[in-house]
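Student: From first to last, the protein sequence lines stand for chains A and B.
Note that the first sequence covers residues 1 to 130 in our numbering.
Note that the second sequence covers residues 1 to 137 in our numbering.
Calculated lysine-lysine pairs in the DSS-like style (CA-CA distance at most 30 Å, straight line): (1) A:Lys94 to B:Lys64; (2) B:Lys6 to B:Lys71; (3) B:Lys15 to B:Lys71; (4) A:Lys98 to B:Lys64; (5) B:Lys64 to B:Lys80; (6) B:Lys7 to B:Lys71.
By construction, these hints were calculated from the structure, which means they are not laboratory data.
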Amino acid sequence: MRFGILVNEGPYTHQASDTAYRFAVAAIESGHEVFRVFFYHDGVNNGTRLSVPPRDDRNMQMLWSDLAAKQGVDLVICVAAAQRRGILDANEAKRHGKDGDNIAPGFRISGLGQLMEAAIEADRLVTFGD
Amino acid sequence: MAEGIKKKLLYVNRKAPYGTIYALEGLEVVLVGAAFEQDVSVAFLDDGVFQLLDGQDTADIGVKNFSRAYKALGDFEVRKVYVERESLAERGLDSADLMQITYEDENDDGAEKPLVRLIDRRELAHIMSEQDVILSF
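With the rest of the complex left out, here is chain A:
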């Protein structure tokens, strides 16, 4: 089966990102395809490479980035939600005159059309959030 995944909450405050990640890993291990993970609302905060969680706990951004690197999962951050919350790639930073970017490896910034495409093309869209 082809899954689309929607992550609506940031890391650590809510378990949504953890559960979405574990769902994605389990789906792939079971032979399914994860078509795309779309990060919306505070979910965009999963994609900053500047977080420094305690070393004896999981690092959600690195788990997601590893999943993208090893399994080729498409991690997409909503551009409008990202702009509100200060998640920028080099292009966005330049466009808005900011002095740095913070997007993590494996993530890309794009529009809500990417969520629609996942909803339409995947067999199931599974939402994680409150």
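Given chain A's structure and the hints, the job is docking chain B onto it.
Tutor: Frame of chain A, contents of chain B only:
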């Protein structure tokens, strides 16, 4: 991209318009998503019915009043907008408290018609059960 696929897609709005960002960012998905020409329905239930309240005034909380954007739903070719009757009643509201949202009926010489339909919980449950995709905000 996704050509020829038409899915039944329901947006569920269950939170108040202010206090959290879910209503605003949920509406953004509906408006952007309209370009994808799916079989779209939009439902308002629980505290989500407050999103359609007439006369919203956010001046004292310093947050942008985005309520007028709901009036554009008809222009974005959304034709199925539901409000759950029980959710209104549980909050001491009725349809007279909601803003007037209309659409131009292309099958009736562009006549302006009300877009929002009050339905009961049982009917909404049935509508949910028919969907391919549900996005809840």
